[in-house]
Structure formats: C-alpha cells, structure tokens
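Student: Sequence:
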Amino acid sequence: MNGVDVAIQLEVFAVHTDMTLKEVSPNYYNLSPESALWKQIQKAYRWYTPKFSPRDIPRFADVGSITEDCVLMRAIRDFLVDRYRNFPEPPTHILGYDARGFLFGPMIAMELGVPFVLLRKAGKNPGVLIESEPYEKDYKEKEPEAMSIRQDSIGKGSRVVLVDDVLASGGTALSGLQLVEACGATALEFVAVLDYII
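Each residue of the sequence shown is one higher than the one before, starting from 755 at the first, in our numbering.
Fair warning: there could be bad hints in the mix.
No more than 25 Å apart at the CA atoms, straight line, and that leaves these computed lysine to any residue pairs for SDA-like [claimed, not checked]:
| id | residue 1 | residue 2 |
| --- | --- | --- |
| 1 | LYS896 | ALA853 |
| 2 | LYS875 | ASP906 |
| 3 | LYS910 | GLY881 |
| 4 | LYS878 | PRO844 |
Note that these hints are calculated values from the structure, not bench results.
Construct all of the structure, not just a fragment, from the sequences and the given hints.
Tutor: Written out as structure tokens, the structure is:
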C-alpha cells in the first residue's frame, strides 16, 4: 500500500461530525478550539524540549499530564464513547497503538462492550501475524519500525476505530490503517487525543 492508496481510502472512511468538531481538510477533523474539551486538553498537556525529553525532537508531548487527570480522562472517554455509539454502524473493535494507544483504547472498548485489540511494534506480538511496511516517525530510530497484529484479531466484517495518543508525522497511523485493510476489515476512524503535525 502506498501513500496515494491510503489517501484515497481515508476519503472512504468519512468522519461523522458534530458541533464539537472542526473540519481541517476533507476527512480530517479536530476538536473545535471553542469546545470545553479542547480547552481542557490544551491546558493539561505538558510539552518538553529536547533538553528535558527522552527523544531529540523539538517538542515532546507528555501523555502523563492527561492520564494523571482522572476528570479529563473521563471526559475524553465519554466524548469518544458517545461519538462511536452514534455512528450509523458502530465499531465492532477498538485497536490501540503500542504503547500509548493502550492508555485510551481499553476504556473506550469497555464502555462500548467491544474487544480491544493490540497493534504492537513488530516482534512483540505472539501468534500468526500480519506486519505493516516500515514507517518513519517524528523522531529517528536506528531502524524504521513496523506494526503488527495477530491474524485472527479482526477480519472481514470488522468495523474498527484506531486509537493513539498523538498524531505527528502520520506514519504510525498509516501503518495501522494498512493492517486493518490487510485483515479485510473496515477502518471507521483513526483518533488521537492530540495532534501536532510535523
């Protein structure tokens, strides 16, 4: 799958909107800056410069600033659960990216009563796996990473929402969409709590 294929597919996975969302470009939505939830997230998120972060990147988002605030975590969960319950065809699975998607995905899946599936970095999942193509991140690794999913986790007829903490370069997001397609499932939406497209 190349970038053009993914861009076309993202058009098919049209996002269902409501008043708290603002369209940035076709099929790309953010919380509206006027929404209370957006303001809470912006106020809570801590950013670190390379001097104080584990990665040599201009800004490092500390997800702990969100997870340590149970009121905000509940607000994020409630917003997303309400959103997905109201989809014409709600998700049958929630997929979370290794590792910080594991913080948000399970609470959404439990409330919706659907399975939570782990999208792991290659080499971390047991069983028969499907692996994405290597992807680039917002920080440099010794080798490009790839994601993997157990072959029997999702399949034809599965409707999935992919969850991560931050959207930066989009490489991780695209790797998950690639895996969903390879399994024959349908991606309803990719969601990140914060984005800082680089």
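Student: For every hint, state whether the structure bears it out.
Tutor: We went through each hint and held it up to the structure:
1. Distance restraint check for LYS896 and ALA853: the Cα-Cα separation of roughly 19 Å lies within the 25 Å cut-off, and the hinted pair is therefore satisfied.
2. In summary, the hint linking LYS875 to ASP906 is supported, as the alpha carbons are separated by about 17 Å, within the 25 Å threshold.
3. For the suggested pair LYS910 and GLY881, the alpha carbons sit about 19 Å apart, so the restraint of at most 25 Å is met.
4. The suggested pairing of LYS878 with PRO844 is violated, with an alpha-carbon distance near 29 Å, which exceeds 25 Å.
When held up to the earlier numbered hints, the structure conflicts with hint 4 and nothing else.
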